[in-house]
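Colleague: Residue numbers (my numbering), protein chains in the order written: chain A, 1 to 260; chain B, 1 to 303.
No lab work stands behind these hints, which were simulated from the structure alone.
Fair warning: this is a prediction, and the values are worked out from it, not measured in the lab.
You may find that some hints are simply not true.
Claimed, not checked - Covered, in the sense of this in silico footprint (three residues per stretch, anywhere, with C-beta under 8 Å from a C-beta of chain A), are these stretches of chain B:
1) 47-55
2) 79-86
3) 227-240
4) 274-280
As the list claims (entries may be wrong) - No farther apart than 30 Å at their CA atoms in a straight line, the calculated lysine-lysine pairs in the DSBU-like style are these:
5) A:89 x A:130
6) B:94 x A:233
7) B:209 x A:48
8) B:13 x A:6
9) B:13 x A:4
10) B:13 x A:233
11) A:4 x B:82
12) B:234 x A:6
13) A:65 x A:150
14) A:50 x A:109
15) A:50 x B:209
16) A:48 x A:89
17) A:4 x B:94
18) A:6 x A:111
19) B:209 x A:4
20) A:6 x B:94
Said to hold, decoys possible - Not everything, but these chain B residues come out facing chain A in the computed CB check (under 8 Å):
21) 58
22) 70
23) 73
24) 75
25) 90
26) 91
27) 102
28) 103
29) 270
Glycine is no exception: its CB is placed at the ideal position from the N, C-alpha and C atoms.
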Amino acid sequence: MSCKRKETSVIVSQECLLPGIFSMWLEAGEIAKEAVPGQFISMYTKDKSKLLPRPISLCEIDEGKGLLRVVYRVTGEGTGTEQFSKMVKGDTVDIMGPLGNGFPLEEGKEKRALLIGGGIGVPPMLELAKRLDGEKQLVMGYRDAQFLTKEFEQNGTLYLATEDGSAGTKGNVMDAIRENALAADIIYACGPSPMLRAIKQYAEENQIVCYVSMEERMACGVGACLACVCESKEIDGHSHVHNKRVCKDGSVFLSTEVEI
Amino acid sequence: MDMRVNIAGVELKNPVMTASGTFGSGQEYSEFVDLNRLGAVVTKGVANVPWAGNPTPRITETYGGMMNAIGLQNPGIDVFCKRDIPYLKQFDTKIIVNVCGHAPQEYLEVVERLADEPVDMLEINISCPNVTAGFLAFGQDARNVEELTAQIKKIARQPVIMKLTPNVTDITEIARAAEAGGADALSLINTLTGMQIDVERQTFVLANKTGGLSGPAIKPVAVRMVYQVANAVKVPVIGMGGIATAADALEFILAGATAVSVGTANFYNPYATMEVAEGIEDYMRRHKVERLAELVGIVNTHM
């Protein structure tokens, strides 16, 4: 069993990558030691009117230095993520983790892999790209402006899709895959539901093993409250219905395991 | 210093329990909490068969609280007996099984099935606001409450706690009805029914439209109701509703609660139960209280 913990973490740096998109490095030695790509942490605001943690995926894990990087979107005025974005180096933030199961690395070893990220589903693909041992085709989709592209270029072959056509293929990640005639033995994906739905369909039609990282509103983050369930094909192990827990059974699922 | 409390003949090592639905059957939180340090674990509601629960979104944050509409997703009593009870038996804590149903027969089936199981008490959830099927009236109607309590008492082998809803005009009327039906203890409050609208999308935030409001925002309502009920019945009262700290728990105890449950706080502080227990101990030391029982309902004598 993984070793989850809640601790007070010191912010090492905070940077605005794009309007509304922030990158934060956190000191979290014990969590960094345990964490794997695709896992997430719960981040807590200091505002007592906002009780619930914000689940945020890990973008980079520096085990050696004991650091975690999160790249997150500010979801609006007065939100918890806006409060995080105003924190500076030296401030502290309570976090809990590592949470979720993460992407399976062994499965992709020495294979042709497609790593697909969309929107705020892009960041978790970076640590995966760094750790995966195989041929890495990185397809990242953005609405308009792009972030993290330099880091991705250093860890595989990068293909971009933008809705406004400002870079790469004009359209979505599936358009980029078709335009570049990309083929793969395994797919890893994180992004909005419509994107995951299209990728699931593509993977199943082409009989490609496909892992998707799902998202749902969470409360506890550890599998107790049953808020963040998604519909599963098989009977789930916890409640013996068709509801897998995104925070505990996932957030990464085989595409064939879940209905999207 | 004696932190033990006695509820219907069951002795708890301390007054701190978990509120049903916020702690699973203990397993998920055992990575954070030493379950041996809790007075009791109150499990998530279990029905006669598995329940799938409501569609998502099932939760939303509110100012100083949250709303949930999980819909009592649970694996049913068979899996629960096979998996969850043996798990909890490894620890030196009392086991209180929360029982839910859509109709009296379903409750009775679960209670009967638990008769020979090594659990310490039953808590009957007649108050979940997220279960419809025309059953909402159950915990809100005094005659129904008395009748169901009496039926359950006839077959239950363990002491029975009736868990009351705050969504009524006069909670003491319901409390008296449960007592008249033979309840060994009462627990309150369950969540307050609420609603949140997403103004941009112009629709309900929760798929279920309504949800149960919990967390610190509801604590004053809960303390008031515990005070009223404790002064209206003779059976012990278990207080809950927004408890996050020892001071919160002590408010309920001083108002008349024999024991307390920590609920929503588990979600944002997984160590909350242990911190509350430790904090109560500190308080007793500071106030030179020998027995916790001396504090129960003490506000009545300090007026």
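Colleague: Straight-line Cα separation of residue 65 of chain A and residue 150 of chain A no greater than 30 Å?
Modeller: holds, 22 Å
Colleague: Close enough to count: is the Cβ of residue 102 of chain B nearer than 8 Å to one in chain A?
Modeller: violated, 16 Å
Colleague: Does the CB of residue 73 of chain B sit less than 8 Å away from some CB of chain A?
Modeller: At about 5 Å, which falls below the 8 Å cut-off, the nearest Cβ of chain A leaves the hint on residue 73 of chain B intact, so it holds.
Colleague: Take the shortest C-beta to C-beta distance between residue 270 of chain B and chain A; is it under 8 Å?
Modeller: holds, 6 Å
Colleague: Within a Cα-Cα threshold of 30 Å, do residue 6 of chain A and residue 94 of chain B meet the stated pairing?
Modeller: Status holds; Cα separation ~26 Å.
Colleague: Does residue 4 of chain A pair with residue 94 of chain B here, judged by a C-alpha cut-off of 30 Å?
Modeller: holds, 25 Å
Colleague: Go check the segment 274-280 of chain B versus chain A for me, would you? Three or more residues, Cβ under 8 Å, otherwise it fails.
Modeller: Violated - the segment 274-280 of chain B has 0 residues with a Cβ nearer than 8 Å to chain A, which falls short of three.
Colleague: Run the distance test for residue 94 of chain B versus residue 233 of chain A: straight-line Cα separation, threshold 30 Å.
Modeller: At roughly 36 Å apart (the allowed maximum being 30 Å), residue 233 of chain A and residue 94 of chain B break the hint.
Colleague: So, as I understand it, the hint says residue 75 of chain B touches chain A; can you test that by seeing if any CB pair is closer than 8 Å?
Modeller: For residue 75 of chain B, the interface hint holds, since the closest Cβ of chain A sits about 5 Å away, which is under 8 Å.
Colleague: Holds or violated: is there a CB of chain A closer than 8 Å to the CB of residue 91 of chain B?
Modeller: Interface hint status for residue 91 of chain B: violated (16 Å vs cutoff 8 Å).
Colleague: Verify this for me: three or more residues of the segment 79-86 of chain B with a beta carbon less than 8 Å from a beta carbon of chain A.
Modeller: With 1 residues close enough to chain A, the hint is violated.
Colleague: Using 8 Å as the Cβ threshold, decide whether residue 90 of chain B counts as touching chain A.
Modeller: Violated: closest Cβ of chain A sits about 15 Å from residue 90 of chain B, beyond 8 Å.
Violation of the numbered hints given earlier is confined to hints 2, 3, 4, 6, 10, 12, 14, 18, 19, 25, 26, 27 and 28; the remaining hints are satisfied by the structure.
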